[in-house]
Amino acid sequence: MFLEIEKCQACAICYSSCPAKAIDIVYYDMSSLARYLENARDEYRSGSLVIACKGSTPSFEDVGKLFGISEFIPLSVPCVGRIPAEVLLEAISTMGIKAIYILACDEDYCRFERGSLITRLRVVAVNALLEQLGYGKEVIRFKQRSLKVKADRNKCISCGNCVFYCPYSAAKLEEGAATFDLELCRGCGLCVTLCPALALDLEDWEEERISTLISKLSREKTRPNILVMRCQWAVFPELDEEFDSSVHIIDMPCAGRVDPLHILEAFRQGIDGVLIAACHEEDCGSKRGSKEAQRLTTALKKTLSQIGLEERLHFCSVAPRYPESFREELCRFKERIESIPSQEVRR
Amino acid sequence: MPIQREDRKYPFTGGQTVIVTAQKPLDEILDFLSPYSSILITGCDGCTQPPRGLREARTLAQLLELGGKLRRKDFNFKVMTMPKQCDSYLTAAALQPQIEDMEAILSLACGLGAQTIAQVLPHVPVFPAQDTLFMGAEIREDSTLEERCAACGDCLLAMTGGICPIARCAKSLLNGPCGGSQHGKCEIDPEKDCAWDLIIKRLEKLGRLAALDEIHPPRNFGEVMRPGRVKG
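Chains A and B are the protein sequences, given in the same order.
For the first sequence, the positions run 6 to 352 when the working numbering is used.
For the second sequence, the positions run 34 to 265 when the working numbering is used.
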């Protein structure tokens, strides 16, 4: 077998499906998953495990509601298709997990095309096996969902931005307002970022929700205070990912949802530097999200240069197939921010 | 920042006319706003391109707040938008409930918007956040806005294959290209197409080149007495 690394998206579906176990991976391998579960069992004091694809939800509280449970061990992975059947079996048989809940993306929405489908089939097979072994019926519950745009017709000014920019042709101008075919919408959020009337929002990644998060993070006192807005597909964090207390991370559904208004809000609230981490243009799962994010960041930097803040905003392209690329970018950015004299504009 | 919005009373069709504007340098805006603290920033959901609605108004408020701090100046901005700032009735109706305690208004509309505000609110100073550039068409694929009509009042598009030499030829020539037309580009700015090259190619394609046989006398620019006014 030969691997063309520059094409690899690190989805690990090959790893989870390889019958010969000939493929190994960097992120979320068997031993790190086992370690995580062991620690989490004590921390969350629960025998229920929720495995959710990053693509379908940002908040575990909502996932709990979806399955009707309140206490559980959360495990967020980029595509549930990377979790092999052995992990599910082992969690039940040897790690003291009593029930597993899996939330995948809708199948036609799956960032890696087959991850959700494969998981659905895998769950059927593992459930049958567990039943035969006497663990009971449907030990693993499985649900699929995806994010969608929310449009307010009363606010629409019919400018046509969403119609032009939607990578999936989901938007139309009808009867004087934008309407969306939600079957086609893939929840990238690009239209939300480009709507001049603020008439659109993205389910689970509402403008308000991101603003609240930024306010919360900007209250941290450590200096310099760095906010990273990164595409969830551009960086696959380690299960025990940790940064020093000056770095605050917000994972976004796509770099296309990084809103210049949120960047400005961060600066206004005293954040010293904002780093945008996007996929490389050719990797972008929502076609033009990364490209437009770069365009918007460049335009904003140009405006910020009028008030001397351009150095505090940086856009970078990274990919999970190069696991160190994000940390290196972050490290360079942090050094740069540290070298700038303390922010004049801070309150 | 509280956001206010007028309820829309009519279906919005949008995009018939496009007035192209460019944001003024932040320093210039900060200079003329410096005597005031409480400022109402109002967008316009009309035809301005890029759209200068609520998003732009909020963005500008944040930028000015950051820029103000550099000058040790704290502003209190209130942000809103309205359907058409060039409409005196709609503008008065949208602004009147918002101006209490506001010392000045910053308009994100074209020059028409700021002047309409000056007309309907004689006692409140109004400032433009935009430089109004031209009436343009939007070529989405190239992210370009291009001047295509000069509002001359004497339209000759019927003769020129639907391409206006008044707006699109740097010299506004009436009877064919000048000697500076090179490979379809303009000598004044080689980035731009020569309008006459476009006209001739298009008429050729349509089999209507004969339309150019007639010599056009100088235009009657008195067709619209400036300042223009239409009553009724």
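Hints may be right or wrong, so weigh each one.
[Claimed, not checked] Think about it this way: if two alpha-carbon atoms lie no more than 25 Å apart in a straight line, the pair counts; the simulated DSS-like pairs of lysine-lysine are:
no.: 1; chain 1: A; residue 1: K153; chain 2: A; residue 2: K292
no.: 2; chain 1: A; residue 1: K160; chain 2: B; residue 2: K117
no.: 3; chain 1: A; residue 1: K296; chain 2: A; residue 2: K59
no.: 4; chain 1: A; residue 1: K292; chain 2: A; residue 2: K177
no.: 5; chain 1: B; residue 1: K102; chain 2: A; residue 2: K339
no.: 6; chain 1: A; residue 1: K306; chain 2: B; residue 2: K117
no.: 7; chain 1: B; residue 1: K57; chain 2: B; residue 2: K106
no.: 8; chain 1: A; residue 1: K292; chain 2: A; residue 2: K306
no.: 9; chain 1: A; residue 1: K307; chain 2: B; residue 2: K102
no.: 10; chain 1: A; residue 1: K307; chain 2: B; residue 2: K234
no.: 11; chain 1: A; residue 1: K226; chain 2: B; residue 2: K106
no.: 12; chain 1: A; residue 1: K177; chain 2: B; residue 2: K117
no.: 13; chain 1: A; residue 1: K142; chain 2: A; residue 2: K160
no.: 14; chain 1: A; residue 1: K306; chain 2: B; residue 2: K106
no.: 15; chain 1: A; residue 1: K221; chain 2: B; residue 2: K111
no.: 16; chain 1: A; residue 1: K70; chain 2: A; residue 2: K103
no.: 17; chain 1: B; residue 1: K106; chain 2: A; residue 2: K307
no.: 18; chain 1: A; residue 1: K148; chain 2: A; residue 2: K59
no.: 19; chain 1: A; residue 1: K70; chain 2: A; residue 2: K160
no.: 20; chain 1: A; residue 1: K226; chain 2: A; residue 2: K339
By construction, these hints were calculated from the structure, which means they are not laboratory data.
Keep in mind the model is a prediction, meaning the values are calculated, not measured.
Outcome of the hint check:
Proximity of K153 (chain A) to K292 (chain A) is assessed by CA-CA distance (about 17 Å); at most 25 Å being required, the pair is judged to hold. Proximity of K160 (chain A) to K117 (chain B) is assessed by CA-CA distance (about 14 Å); at most 25 Å being required, the pair is judged to hold. With a C-alpha separation of about 21 Å, the suggested pair K296 (chain A) and K59 (chain A) falls inside the 25 Å cut-off, and the hint holds. With a C-alpha separation of about 19 Å, the suggested pairing of K292 (chain A) with K177 (chain A) holds against the 25 Å cut-off.
Of the pairs offered as hints, the one joining K102 (chain B) and K339 (chain A) holds, with about 24 Å between alpha carbons and a cut-off of 25 Å not exceeded. A distance of roughly 30 Å separates the Cα atoms of K306 (chain A) and K117 (chain B); the hinted pair therefore is violated under the 25 Å criterion. For the suggested pair K57 (chain B) and K106 (chain B), the alpha carbons sit about 19 Å apart, so the restraint of at most 25 Å is met. Proposed proximity of K292 (chain A) and K306 (chain A) is supported: the alpha carbons are some 23 Å apart, at most 25 Å.
For the suggested pair K307 (chain A) and K102 (chain B), the alpha carbons sit about 19 Å apart, so the restraint of at most 25 Å is met. Between K307 (chain A) and K234 (chain B), the direct Cα distance comes to roughly 39 Å. Violation of the 25 Å bound is thereby established for this hinted pair. Between the alpha carbons of K226 (chain A) and K106 (chain B) the distance comes to roughly 24 Å, so the proposed pair stays at or under 25 Å and holds. Under the criterion of a C-alpha separation no larger than 25 Å, the hint pairing K177 (chain A) with K117 (chain B) is consistent with the structure, at around 23 Å.
This hinted pair does not check out: K142 (chain A) and K160 (chain A) have alpha carbons roughly 49 Å apart, beyond 25 Å. Between the alpha carbons of K306 (chain A) and K106 (chain B) the distance comes to roughly 22 Å, so the proposed pair stays at or under 25 Å and holds. For the proposed pair K221 (chain A) and K111 (chain B), the alpha carbon gap of about 23 Å is at most 25 Å, so the pair holds. Between K70 (chain A) and K103 (chain A) the CA atoms are separated by roughly 19 Å; this keeps the pair inside 25 Å, and the hint holds.
Distance restraint check for K106 (chain B) and K307 (chain A): the Cα-Cα separation of roughly 22 Å lies within the 25 Å cut-off, and the hinted pair is therefore satisfied. For the hint pairing K148 (chain A) with K59 (chain A), the CA-to-CA distance comes to about 14 Å; that is within 25 Å, so the pair holds. Taking the CA atoms of K70 (chain A) and K160 (chain A), the gap is near 31 Å; set against the 25 Å cutoff, the hint is violated. A threshold of 25 Å between alpha carbons decides the hint, and for K226 (chain A) with K339 (chain A) the separation of about 16 Å falls inside it, so the pair holds.
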